[in-house]
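K.L.:
Next come the chains, spelled out residue by residue.
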Amino acid sequence: MKKQKMGFWRHALFLGPASLAFALAVVVPFVISVIYSFTDWNGVANDIKFIGLDNFVRIFSGKSNFLGSFWFTLKISVVNIILINVLGTLLAVALTSAIRAKGLFRVAFYLPNTIGGLILGFVWQFIFVTGFPAIGQLLQSGFFNQQWLGTESTAFIGLVIVSVWQNVGYVMVIMTAALMGVPSDLIESARIDGASAVCTFFKVKLPLCMPYITVCLFWTISNAFKMFELNYSLTKGGPYGSTNSMALYIYNDAFANNKYGLATAESLVFFVIIMLITGIQMYFTGKKEREYQ
Amino acid sequence: MKKGKIGSVILFLVMLLAVLVFLYPLFVVVMNSFKPLGDIIARPLEIPGILHLENYINAWKTVEIPRVMWNTALVTVLSVTGIVLLSAMSAYWSERHPTVYSRIFSRLLVLSMLIPFASLMIPLVQVMRVFRLNNSLSGAIVTYWGIGLAFAFFMTQGAVKSLPYELEEAAIVDGCGPVRVFWQIILPLLQPTMVTIFVMDIFWIWNDFIVPLILLDSSQLSTIQLAIKKLFSQYSSQWDLALPALVISIVPILVVFVLLQKKIVGGILAGAVKG
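Protein sequence lines correspond, in order, to chains A and B. If you count the first sequence from 1, position 280 lands on 279 in numbering that gives the first Met the number 0, and the numbers rise without skipping. If you count the second sequence from 1, position 187 lands on 186 in numbering that gives the first Met the number 0, and the numbers rise without skipping.
Calculated from the structure, these hints are not laboratory results. Certain hints may be false.
Listed next, the in silico DSS-like pairs over lysine-lysine satisfying Cα-Cα at most 30 Å (straight line) [as the list claims (entries may be wrong)]:
id : chain 1 : residue 1 : chain 2 : residue 2
1  : B       : LYS261    : A       : LYS101
2  : A       : LYS225    : A       : LYS235
3  : B       : LYS4      : B       : LYS261
4  : A       : LYS101    : B       : LYS4
Based on the provided sequences and hints, a complete structural model is requested.
P.N.:
Dropping the structure here:
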């Protein structure tokens with residue numbers, strides 16, 4: 000098999016347009032971002048001073064409250080990741096058993112995932128502000144009858160509710176495929192050996208689903224840490240900045256507070272955090288999968 | 000056998016209840032979108048007596064739905080088509096005619112998947128301004144091409160790997176140039192993968208809010224997400240206007256979802272296995 004010699008122009012024709020778009024949208028902005036992070040630029044002024052590591056010192060000394068948004072993002076991500084994966088798997092288990100109208104149930108649970116986070120945030124704003132108090136009155140329940148978006152803890156729970164509601168369908172779809180792929184003779188032989196349904200689930204089914212669980216974890220983790228739209232539309236980061244996700248914090252510093260230099264430094268810290276999390280994740284899931292094989 | 004049947008009936012009822020609770024918020028929003036403001040505030044849980052279609056007419060006019068929908072559809076379709084084509088071209092070429100450049104290119108694409116958009120958005124506005132692409136739909140489209148490329152590239156590369164080289168070889172022997180080989184042989188064979196990417200990216204771009212937010216300032220260019228955001232900041236708690244607008248914004252993507260259901264599930268799984 001002899002390959003043709005390809006001239007420069009043919010390479011350019013096939014790779015050029017993609018390279019150009021990639022350079023314009025990703026490579027160049029990223030490089031500029033790194034450069035800006037060492038400056039005090041405010042986004043408008045013509046004189047840009049290099050201030051060394053000052054921006055990073057401000058971030059890590061707590062002068063900029065970026066670390067606060069990091070803790071918030073970390074906390075809500077952990078809660079979201081656990082709830083979304085556990086509930087999504089439970090739904091998948093229920094909807095792979097012998098019940099009627101499985102298809103309809105799956106469509107219904109997946110539905111919020113097709114709607115944008117911004118829109119969902121506004122939908123739930125209405126539910127929290129107007130719907131919940133009305134339900135509270137109807138049921139005489141103090142749980143519903145409070146200022147849901149007005150206090151730090153309830154705003155946090157509110158964001159969790161909406162995130163889980165939005166994303167549980169994705170995990171359900173993946174885990175449904177995973178559970179349906181478990182060979183039935185394995186389950187049968189476990190049953191003949193006297194294993195209970197619960198035992199079969201944890202000892203036979205789940206280990207076989209490990210690659211899919213990895214996918215779900217990857218997806219939920221990276222989504223959770225990049226949270227932006229929901230905070231923007233549901234709580235606007237409030238009350239008192241308590242629900243600022245990292246992405247929202249960076250956006251505000253850059254486009255609302257005109258601290259471009261500082262914001263680019265924050266965005267680099269954000270990038271490193273995402274990179275570390277992905278790295279750790281790949282290390283652990285790789286190890287787990289090898290153990291089960 | 001009897002016991003299993005009762006169990007599945009109970010499970011069915013539990014799931015039915017769960018679905019009703021799950022979809023109730025959307026139902027409440029749709030229901031209230033047909034009521035006058037006073038009724039929305041005073042009795043949000045009641046089913047409307049008469050349907051106030053004026054709400055929808057007002058929302059349609061205030062949000063300028065036809066223009067906004069046109070913008071969103073244009074950006075979505077052109078972005079997704081571009082992503083699919085660019086990724087097919089570049090993935091095919093780097094797989095079949097690898098060079099030092101194509102290796103660096105695909106290495107950079109892998110790395111770029113780690114970069115969150117928030118780490119790019121600040122200078123991105125500047126870069127687009129230099130090329131006069133800020134505040135234009137083309138700027139948003141090029142941005143989507145760039146950030147959507149990585150994932151589509153790896154999906155397509157996997158598909159190219161599985162194509163038999165003999166087909167291309169035969170065509171080349173028959174005197175087919177590389178452009179024709181790509182266009183007439185490779186593209187049709189890549190179609191299933193391209194459809195998968197197309198379907199998945201439609202949802203991403205239609206629902207994306209942050210790119211329009213930073214790149215499309217003028218209200219002439221608003222996409223549906225941006226228009227809804229502007230509506231909410233301008234008329235906060237005017238629910239008789241906001242709720243129908245929300246419903247209108249949800250309907251098109253919901254229709255696409257219902258029509259493409261099977262493909263979407265297939266796409267998620269294909270993406271999951273490769274990604």
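K.L.:
Taking the hints in turn, state whether each one holds.
P.N.:
Structure-based check of all given hints:
1. Distance restraint check for LYS261 (chain B) and LYS101 (chain A): the Cα-Cα separation of roughly 14 Å lies within the 30 Å cut-off, and the hinted pair is therefore satisfied.
2. Distance restraint check for LYS225 (chain A) and LYS235 (chain A): the Cα-Cα separation of roughly 15 Å lies within the 30 Å cut-off, and the hinted pair is therefore satisfied.
3. Among the hinted pairs, LYS4 (chain B) with LYS261 (chain B) is consistent with the structure: their alpha-carbon atoms are about 29 Å apart, no more than 30 Å.
4. Among the hinted pairs, LYS101 (chain A) with LYS4 (chain B) is consistent with the structure: their alpha-carbon atoms are about 16 Å apart, no more than 30 Å.
Checked against the numbered hints above, the structure violates none of them.
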